[in-house]
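What follows is each chain in one-letter form.
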Amino acid sequence: MEGTVLKIEKLHAYYGMNAVLTDINLSVPKNMVTAIIGPSGCGKTTLIRCINRMHELMPDTRVSGKILLYDEDIYQMNPIIVRRKIGMVFQRPNPFPTMSIHENVIAGFKLTGVKLSRIEQDGIVEESLRKAALWNEVKDHLHRKGSFLSGGQQQRLCIARTIAVKPEVILFDEPCSALDPVSTAKIEELIEQLKKDYTVVIVTHNLQQAARVSEYTAFLYLGKLIEFGHTEKLFTVPEHKKTEEYLTGKFG
Amino acid sequence: MCKLRSETVFNKVLYFSAITIVVLLVSIFLTLILGSLPSIKAFGIYFLFGKTWDPVFSKFGAFPFLFGTLLTSFLALAISIPFSTSISIFLGEYFKEGSLSSVIKNMVELLAGIPSIIYGFWGLFILVPIVRFIEIKLDVPPYGVGIFTAALILAIMIIPYSASLGREVIALVPSDIKEAAYSLGATRYEVIRKVMLPYARSGIFAGIFLSLGRAIGETMAVTVVIGNTNFFPKSIFDPSNTMASIIANEFTEATGELYLSSLIEIGLLLFVVTAIINIIGRYITKRIGVKI
Amino acid sequence: MQIDSKTGISSRIIKDRFFKALVVSLSFFVTIPFFFILFYIFKNGIASISWEFIVNLPKPVGETGGGIANAIAGTVLLIALSCATAVPLGVAAGVFLSEYKNSKLAEWLILCVAVLQGIPSIVIGIIAYTWIVIPMRHFSGLAGAIALGIMMLPVIIKSTEETLKLIPDTLKEASLALGVPYHKTILMVILPAGLSGIVTGILLSIARIAGETAPLLFTAFGSQFMSLNVLKPINALPLLIFNYANSPYSEWHSLAWGASFVLITLVLVLNLTARLVTKKWKVQF
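Residue numbers (this note's numbering), protein chains in the order written: chain A, 1 to 252; chain B, 1 to 292; chain C, 1 to 285.
Please note: incorrect hints may appear among the correct ones.
Below, in silico cross-link-like pairs of lysine to aspartate or glutamate (DMTMM-like), each with a Cα-Cα straight-line distance of 25 Å or less [stated by the list, open to error]:
| id | chain 1 | residue 1 | chain 2 | residue 2 |
| --- | --- | --- | --- | --- |
| 1 | A | K85 | B | D176 |
| 2 | C | K43 | B | E253 |
| 3 | C | K15 | A | E56 |
| 4 | B | K96 | A | E56 |
| 5 | B | K194 | A | E126 |
| 6 | C | K20 | B | E168 |
| 7 | A | K166 | B | E179 |
| 8 | A | K224 | A | D197 |
| 9 | C | K282 | B | E179 |
| 10 | C | K20 | A | E127 |
| 11 | B | K286 | C | E99 |
| 12 | B | K194 | A | E56 |
| 13 | A | K166 | C | D16 |
| 14 | C | K15 | B | E257 |
| 15 | B | K178 | A | E168 |
| 16 | A | K166 | B | D176 |
| 17 | B | K194 | C | D16 |
| 18 | A | K145 | B | E179 |
| 19 | A | K115 | B | E179 |
| 20 | C | K282 | B | E97 |
| 21 | B | K286 | C | E162 |
| 22 | A | K110 | B | E179 |
| 23 | B | K105 | A | D60 |
| 24 | C | K15 | A | E126 |
| 25 | C | K282 | B | E168 |
| 26 | C | K20 | B | E257 |
| 27 | C | K15 | B | D176 |
| 28 | C | K20 | B | E179 |
| 29 | C | K279 | B | E7 |
| 30 | C | K232 | B | E253 |
| 31 | A | K85 | C | D16 |
| 32 | C | K232 | B | E257 |
No lab work stands behind these hints: they were computed from the structure.
Could you put the whole structure together from the sequences, leaning on the hints where they help?
As structure tokens, this is what we get:
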């Protein structure tokens, strides 16, 4: 397929004694949007949390297998480098409440001790907020704390924060589930733009959303990868019976 | 609906006990004011600035004790903060559960339970010789007792207060902003220092503030090791007196109305200062939603 | 710009490890004074403990075989008396706070309890002196008990209120629906359900006052003799420790170490009992 950014090989993930993911093998293509769908509890959130090595932050967890970012196994790299190259936008917007909008956008640098001049900071803030389609709405309020922003705006702020550090891959964990339809539409538009510069992986329980935004889709069920392919094909002529059942709503 | 006699009596008892507590506090305040009146009349505001405490000539200025109190309390605070903050982070972030956590947690609770006279007594016989040894090395008059020793013991005594409140606020930092920080590639130290501590700032401050209140009012441990001098201290190794220790030392020997009244006025000052600190501390913790 | 230079990363990782090591070592450092104190009290105190120590009265300087019987008796008496005054009042006020929590009086009460808890113990001593010692014209155990009782109140009120808060309203409603009068509901259903929490609060407040010296300095005052008359001066463990520690006689110092041992054992036992009570008696809902 077109250039592969992430290659997941024989990935297993555990919570204590429970296997949450079993033998996942998946290649994520570059500069495309890959959706991960499946019923609740199928492991889709665990999967992306393994990709940016957040899964292991919980107690009593274990991962085996490989995830190659280009040619390097991220499990052989230092996690703080991995998380720099693979960013994440969370289900509920989580801007840092003690920081202003400006500080939130450059938080990736501030937190990790990178010194930026005032000019560099302003440049990064403007570029990231423009890319996140938030610049015009907040450009006069950069030094206020983000609490006055709406849910959708806060989520775009989090996106700006994530792209400010120029990751290779951006993971979205059900980014619109806490938002209204208008904000959801805005974010979907944004994702469409983002794939020019980044590779996107989006977990969603909203099938229409997956169909709208993604070029590739992976269907997970009970911790196993059932099917992976072009979105259009998977949604219209799925190969697997379970896929078809899920898509037609036989189970949620 | 007609109530039974016993019902009304019961409710009255409840109301009465509530009112009694309020009346108790008000009476305490009024008693202190009334007892201080002769001293207030005699010295006015200069009571706070007067540097001489002279029972013989009935001239009473409380400044040496205000100064002694502030010096010991703030020194104790400064010594205790690194330790209590460490314990807060230890229990609130690194070791929230498990056997290590229980060890530290229990030890901190037990430290808070040791009576202050025992701190004082132990301080007198074990700590004072050590301080005397240090003072000899530093070429300072080897009193052994004094402000420094008192501050050391106070520091140990107040650690549990700020540590437990600090632990609570740190444990309450929402996990979603911690995750946001980790996802940007921050190390745990960076997450703690640049995200968690700023978030928990007011609670940590409230804990420190409340432990200051505790230090100001502490009597017995300080009285035993501070050296009991009414002269103005020139260095932290000098003996001194605090507001609480002067009362403890001289109350039973106070002859004359003015002498006693001056001591009571110092008690009034203690009451007011600790009350204000307590109210402010509680206001802060209430606002951030933590229980003390 | 080069964000992830290798040296940048390693210094950040070093800082991370160093910080954790610092936090852990400072935290464990605090255990040092704790063990230091317990060790010395145990070492020096246990040497003095003997049967004579417990039952004898203090002897004049120079004579051996003194004991701390009057201090033990005094402490027990003071605890009993202050409980008698503070427990009913404190529990009642705690019940009030829990039952009438939305009233204006409850708001004032909460504020008063907070201020009361923060009052330095020496100031409470001044109050008891003014209210009781002066009218009686002499020191007494009664004045000491009143001072200690005032100090117990905030702890008892708060723990009673918090215990009762945890009891679900449905219990009260079930009792009232059966026709049990309100006051009996409280006294015979609610309070027993919250007994463990209330008893824990009482034990903890006793642990707190058992070691208090300052309020007794000019109320109970202390005595060389055995006295069970609360209308006269009375000795207590903390007072004995204070007086003997400040004396120049080494026999008295030994007595003080022994008394410290007894006192700390008492406080520890009370604390442990309080925890056991919470564990074993606590009614789960």
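Results for each hint:
For the hint linking A:K85 to B:D176, the alpha-carbon distance of about 20 Å falls within 25 Å, and the restraint holds. Proposed proximity of C:K43 and B:E253 is contradicted: the alpha carbons are some 35 Å apart, above 25 Å. Restraint check for C:K15 and A:E56: the C-alpha separation of about 21 Å stays at or below 25 Å, so the hint holds. Annotation: proposed proximity of B:K96 to A:E56 holds, straight-line Cα distance about 17 Å (limit 25 Å).
Of the supplied pair hints, the one linking B:K194 and A:E126 holds, its CA atoms being roughly 23 Å apart against a limit of 25 Å. Proximity of C:K20 to B:E168 is assessed by CA-CA distance (about 19 Å); at most 25 Å being required, the pair is judged to hold. Proposed proximity of A:K166 and B:E179 is supported: the alpha carbons are some 18 Å apart, at most 25 Å. Proximity of A:K224 to A:D197 is assessed by CA-CA distance (about 30 Å); at most 25 Å being required, the pair is judged violated.
Between C:K282 and B:E179 the CA atoms are separated by roughly 37 Å; this puts the pair beyond 25 Å, and the hint is violated. For the proposed pair C:K20 and A:E127, the alpha carbon gap of about 36 Å is over 25 Å, so the pair is violated. Our distance criterion of 25 Å between C-alpha atoms is met by B:K286 and C:E99, whose separation comes to about 21 Å. The hinted pair formed by B:K194 and A:E56 meets the criterion: a straight-line CA distance of about 22 Å does not exceed 25 Å.
A distance of roughly 24 Å separates the Cα atoms of A:K166 and C:D16; the hinted pair therefore holds under the 25 Å criterion. Simply put, C:K15 and B:E257 have alpha-carbon atoms about 62 Å apart, too far for the 25 Å limit, and the pair is violated. At roughly 22 Å between alpha-carbon atoms, B:K178 and A:E168 fall within 25 Å of each other, so this suggested pair holds. Simply put, A:K166 and B:D176 have alpha-carbon atoms about 22 Å apart, close enough for the 25 Å limit, and the pair holds.
A threshold of 25 Å between alpha carbons decides the hint, and for B:K194 with C:D16 the separation of about 13 Å falls inside it, so the pair holds. Between the alpha carbons of A:K145 and B:E179 the distance comes to roughly 19 Å, so the proposed pair stays at or under 25 Å and holds. For the given pair, A:K115 sits about 22 Å from B:E179 by alpha-carbon distance, which is consistent with the 25 Å threshold. Our distance criterion of 25 Å between C-alpha atoms is met by C:K282 and B:E97, whose separation comes to about 22 Å.
With a C-alpha separation of about 16 Å, the suggested pairing of B:K286 with C:E162 holds against the 25 Å cut-off. A threshold of 25 Å between alpha carbons decides the hint, and for A:K110 with B:E179 the separation of about 16 Å falls inside it, so the pair holds. For the hint linking B:K105 to A:D60, the alpha-carbon distance of about 23 Å falls within 25 Å, and the restraint holds. Under the criterion of a C-alpha separation no larger than 25 Å, the hint pairing C:K15 with A:E126 is inconsistent with the structure, at around 31 Å.
As the CA atoms of C:K282 and B:E168 are separated by approximately 23 Å, the hinted pair is consistent with the 25 Å bound. For the proposed pair C:K20 and B:E257, the alpha carbon gap of about 58 Å is over 25 Å, so the pair is violated. Using a Cα cut-off of 25 Å, the hinted pair C:K15 and B:D176 holds, with the two alpha carbons roughly 24 Å apart. For the proposed pair C:K20 and B:E179, the alpha carbon gap of about 19 Å is at most 25 Å, so the pair holds.
Taking the CA atoms of C:K279 and B:E7, the gap is about 34 Å. The hint is violated against a cut of 25 Å. Distance hint between C:K232 and B:E253 is fulfilled; the C-alpha atoms sit about 19 Å from each other, no more than 25 Å. For the hint linking A:K85 to C:D16, the alpha-carbon distance of about 20 Å falls within 25 Å, and the restraint holds. Restraint check for C:K232 and B:E257: satisfied, since their Cα atoms lie roughly 24 Å apart, inside the 25 Å limit.
Hint compliance for this structure: hints 2, 8, 9, 10, 14, 24, 26 and 29 are not met, and every other hint is.
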